[in-house]
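> All chains, full assembly: derive it from the sequences and hints.
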Amino acid sequence: MNLTKLQIDALNNCVKCSICVNSCPVASVNPQFPGPKQLGVDWLRLAQEEQSQPIPAVDYCSNCKTCEAVCPSGVHVGTLNQLAKSNLPQRSLGMREEIFSDPSLLGRFIHIWPQAGNMATGLRPVKFLTEKTVGISSQAPMPAYSMKTFREMLLKYKPEFSEIPKEVVYFPGCFTQYNQPEIGMSLVKILAKLNYKVIVPDFKCCGQPAISNARLDKTKKFAEHNLDILRQELKDGRELIFSCPSCLLTFKEEYKNILGLQEYSAFTSSMQDSGQFLLNHREQLAALLRMKNAESAKYAYHEPCHLRVAGQGTPGLVLLKSLMGLDITPLEAGCCGMAGSYGLKAEKEWVSREIGNNVKDAVTNLNPQAVITECGMCSVQVNALTELPVKHPLEVLAEQIKA
Amino acid sequence: MKYDVVVIGSGMSGMIAAAKAVSRNKNTLIITKGQGILPLTTGCIDIWGYQVNNPKAPALNPYEEIQRLAACKPEHPYARVLDVLPESIDFLKKILKNSGYSLTGSIYSNQKVLTALGTERVTALAPESMVVKDFARLKRIIAVGFNRYPDFFPQMFLDNLNTIIPQAAKIPVLIDLDIKETVRSNHLSLLLERQDILAKVEEQIRVQLLQHGIENKHYDDSMLIVLPAVLGKNPGSQVAKRLRSNFNTQVIGVPGLPPSIPGEHLQQALMIFLKRQGVEFRHNSEVVGDIRENGKITYLSVKDSTAIFHSVEAGSVILAAGSFIGGGLTAKQDSMLEPIFKLPVINPRHVGEDVPFLSLEGQGFLEAGVEVDDKLRPLKGIDNLYAAGSILAHGNYASEKSGLGIAVATGYKAGSLA
Ligand SMILES: Cc1cc2nc3c(=O)[nH]c(=O)nc-3n(C[C@H](O)[C@H](O)[C@H](O)COP(=O)(O)OP(=O)(O)OC[C@H]3O[C@@H](n4cnc5c(N)ncnc54)[C@H](O)[C@@H]3O)c2cc1C
Ligand code: SF4
Ligand code: SF4
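Residue numbers (my numbering), protein chains in the order written: chain A, 1 to 403; chain B, 404 to 821.
Because the hints were derived from the structure by calculation, they are not lab data.
Heads up, the beta-carbon is just placed ideally off N, CA and C, and yes, glycines get one too.
Okay, derived cross-link-like pairs now, BS3-like style, lysine-lysine, Cα gap no bigger than 25 Å in a straight line:
1. B:Lys706 / A:Lys235
2. B:Lys429 / B:Lys405
3. B:Lys735 / A:Lys16
4. A:Lys360 / B:Lys500
5. A:Lys298 / B:Lys678
6. B:Lys500 / A:Lys298
7. B:Lys644 / A:Lys360
8. A:Lys321 / B:Lys678
9. A:Lys256 / B:Lys706
10. A:Lys321 / B:Lys405
11. A:Lys5 / B:Lys735
12. B:Lys706 / A:Lys5
13. A:Lys16 / B:Lys706
14. B:Lys429 / A:Lys321
Restraint-style ranges between C-beta atoms, simulated for each label pair:
15. B:Thr522 / A:Pro389: 47 to 55 Å
16. B:Arg427 / A:Asp202: 47 to 55 Å
17. B:Arg752 / A:Leu234: 47 to 55 Å
18. B:Ser426 / A:Ala403: 34 to 42 Å
19. A:Gln369 / B:Met404: 24 to 32 Å
If you want it as C-alpha cells, here you go:
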C-alpha cells in the first residue's frame with residue numbers, strides 16, 4: 001500500500017489517546033460503530049501489513065469531522081475514514097448513493113416542477129415507497145425546493161453601482177442554488193451596497209456529498225471542472241467566497257487531502273467564508289445598518305461542524321453579535337446529526353436523530369425565537385427537531401441593511 | 404481585526420486564561436489546534452499531593468504545602484502565582500457551577516476519592532458525583548458493573564477496596580442492558596440519561612440486592628452504590644442526583660482509564676461558558692510563529708488545517724499550548740523544543756537519569772518546559788507574552804498531583820495580566 005503524506009503523518013502523530021472516539025457523535029449513540037481511531041488510524045496500520053478490507057462499519061461515519069477538530073495531535077482522522085470508506089466494496093445497486101452524491105441532479109429534476117416535487121417528497125405513500133426501494137428514510141425531514149433557482153433570481157437582479165464595482169467570485173453550492181436561494185441573494189444584495197459585483201461562474205457541485213457517499217470518482221470530476229473555473233476566474237486578486245461551510249471545506253481541504261489535487265494549493269489562500277469577507281469590511285458595513293432596533297428577539301446559534309474544522313472561526317456569529325448587537329447565544333451542543341444526506345438514509349435516520357437530541361435539548365433550554373446557522377442541511381435538521389425558524393446569518397444581516 | 408488578548412491552546416490553562424481575560428472586558432480569541440487533554444483527566448482538580456518536608460506522606464492542606472514549596476523552590480510555577488492561588492480556584496468553581504459542573508472541596512484540604520481499580524486517589528476538588536461522605540461509617544458497598552463494559556470490574560474493585568474500607572460488606576452487581584457489542588463510556592453515559600434505561604438499572608440493582616437479603620429498609624446513608632463514572636452525557640447531568648434520591652443511599656461514579664466522562668464534562672462546561680461569554684474560537688488552527696516590533700509581539704502567524712496562513716493581530720499573547728501530548732513542547736533525539744516562539748526549554752533533571760517508571764518522583768521529562776518571571780513572561784525584553792499551564796518548567800503533575808491546579812492558577816494570572 002502506497003501511503004500519502006497525510007497517511008504517514010497520521011501514523012506518526014496519533015498518540016492513541018482516544019479523545020476522538022470519546023467525542024465522535026456517531027460512536028456515542030451507536031455501539032456498533034467503533035469510532036475514528038480504530039476505523040481510520042488502526043485500520044491503516046493493519047492494512048500496511050496485510051491486504052485487509054476496511055471495517056464495514058466505517059460506512060456509518062457521517063464525515064462530520066468532529067474527530068479532527070478535537071484531536072490534540074492534528075491527525076486528519078475523519079479524512080482517513082472517508083478514504084477507508086471509498087475502499088469498501090460498493091453496494092450492489094447503490095442508486096441512493098448515486099442520487100445523494102450529486103444534489104444538483106435531484107435539484108435540476110425537481111426544479112422542472114417544484115410544487116410537485118415538494119409535494120411528492122412529502123407524501124406518505126411516496127415516502128414509504130422510497131424507503132422500501134431506494135432506502136431513503138420515510139421519517140427524515142426532506143429539504144424543500146425553491147420555486148426559483150438562485151441563478152434565475154440572480155439573472156433578474158440588476159443592482160446600480162455608483163462607481164465601477166470591484167469583483168468577487170461566489171460559490172453558492174447546491175443548497176443555495178435549489179433549496180434556499182435567499183441565502184445567496186442576501187449576500188449579493190449586501191455586497192452590492194459595498195460596491196461589489198458578484199460573479200457566479202458555472203461551477204459544479206463541490207463534491208462533498210459524493211465524498212460522504214463513497215463516490216470519489218464523482219468528486220474528482222467535479223473538482224477538475226471547478227479547478228478549470230478557478231484558473232480562469234481567480235486572477236487579478238479576485239477572491240472566492242462561500243456561504244456554505246461544507247463547500248468551503250471541500251474546496252479548501254478535501255480536494256487536496258482526499259483527491260491529492262495539489263493544484264488547489266495555489267488558490268486556497270483566496271478562499272474564505274462570506275461572513276469573514278464581510279467582516280473585513282466591517283466599518284463600511286456598520287454604516288449601512290439600520291438603527292439598532294429595539295426588538296428584543298432572542299436567537300440561538302448552531303455552529304456547523306464543517307465551519308469549525310475549516311479553522312476560520314465563526315464570522316457569521318461575530319457579525320450578528322458584535323456588529324448588529326443581536327441577542328444571540330451559541331448553543332455549543334455539538335453536531336446536529338444530519339451530516340448532509342446521512343440523516344436521510346433509512347438505516348441511519350435513527351443515528352442522526354439521536355445525535356440531534358443534544359441540539360434539541362440545548363434549544364429547549366434557551367427558548368429562542370429562531371436559530372441561526374450557516375449550513376443548509378443543519379438548518380433542515382434543526383428546524384425538524386425544534387420547529388423553530390432557522391436562518392442563515394446572511395439573511396438576518398440583509399434584513400437590517402438600509403434600503 | 405485586532406484582539407486584545409490571543410490565547411494559544413484550549414486546555415485548562417488556556418480556557419481559564421481566556422475566561423479571566425474576557426471577565427476584564429478584553430476582546431479575546433482562542434486559537435487551538437485540537438482539544439486540550441482535559442478528557443484524559445479524572446475530572447478532579449489536583450492541587451498538591453504530598454508533604455514538602457515528608458514526601459512519602461500525603462498533603463493535608465495543599466495551600467500550606469505550596470507556601471512551603473514556594474519558599475524552598477522559587478522557580479516552581481506555583482511560586483509565581485501564590486498571590487492569586489486561592490482566588491483562581493474560587494474563580495474556577497464559580498464558572499463551572501454556571502455550567503452545571505459542581506466541584507466539592509477547597510484549596511485548604513485534600514480529600515480521597517475512589518478509582519475504578521478500587522484504589523484511593525488524593526485530590527483537592529472533586530465533582531459531587533465522586534464524593535463519599537465518611538468512609539469509616541460505610542456498612543455496605545455495592546459495585547455495579549455493566550455487561551460488555553470493559554472499564555469497570557465490580558469484583559476486582561471490591562477486592563482492592565478491602566484494604567481501604569475493610570469494615571463494609573461488599574456486593575458486586577452486574578447489569579445487563581441487552582447490548583451485543585462492547586459498550587463504551589460515551590455510549591453508556593448517553594443511555595443513562597434515558598429515564599427508561601435508568602429505571603431498568605435501578606430495578607436490576609434492587610432485584611440482585613434482594614438476593615443478598617438487602618431489602619428496601621436497609622437503604623440508607625451507610626450504603627454506597629458505586630458505578631463507573633458514566634453518570635450522564637452533559638456537565639449538568641442529573642443522573643447521579645436522581646439515583647441518590649431514588650435509592651436514598653450514597654451513589655458515586657468512579658473514574659477509570661482515560662478518556663473519562665467527567666474529564667469530558669469539564670472540557671464541555673468550560674467551552675460552553677467561554678463561547679457564551681463571547682470568547683471567539685479558531686479551532687483546528689495552529690500558531691506557527693510571530694512578528695515582533697519594539698519589544699512586543701504584534702502579530703501571530705496561524706496555519707489552518709489546509710495550511711493556509713493567516714495573520715492575527717494581538718495586543719497580548721498567552722502561550723498555553725501544553726506539554727508533549729498537545730504539542731506545546733516537542734522532543735527530538737536529544738533536545739527539546741518550544742516550536743512557536745523558539746523559547747529556550749530547560750530540563751531540570753538530567754536526561755537519562757534512572758527513575759523507575761512508576762516512582763514517586765514521576766518521570767523527569769515532565770519537569771521540562773519554559774521558565775518565566777514573576778509575571779509569567781518567558782522572554783526577556785518581550786513584555787506582552789505570557790505562558791501558563793503544563794508548558795511551564797519545574798512542575799511535575801504526576802508526582803506532585805498538581806496538574807490542573809497549576810493550569811488554573813497560572814492561566815488565571817496570565818489572564819489577569821494580559
Ligand atoms: C493521562 C493524564 C491524566 C491526568 N489526570 C489528571 C487529573 O486527574 N487531575 C489533574 O489535576 N491533572 C491531571 N493530569 C495533568 C493535567 O491534565 C495537565 O497538567 C493539564 O491538563 C495541562 O493543561 P494545559 O492547558 O497546560 O495543556 P493541554 O491540556 O495539553 O492543552 C494544550 C492546548 O494547546 C493546543 N496547542 C498546542 N500547540 C498549539 C499551537 N501551536 N497552536 C494552537 N494550539 C496549540 C492543544 O491543541 C491544546 O488545546 C493528567 C495528565 C495526563 C497525561
Ligand atoms: S487520532 Fe488524535 S484524538 Fe484520535 S487517538 Fe489519535 S491522537 Fe488521539
Ligand atoms: S467524521 Fe464524525 S462520525 Fe466520522 S469518525 Fe469522525 S467524529 Fe465520528
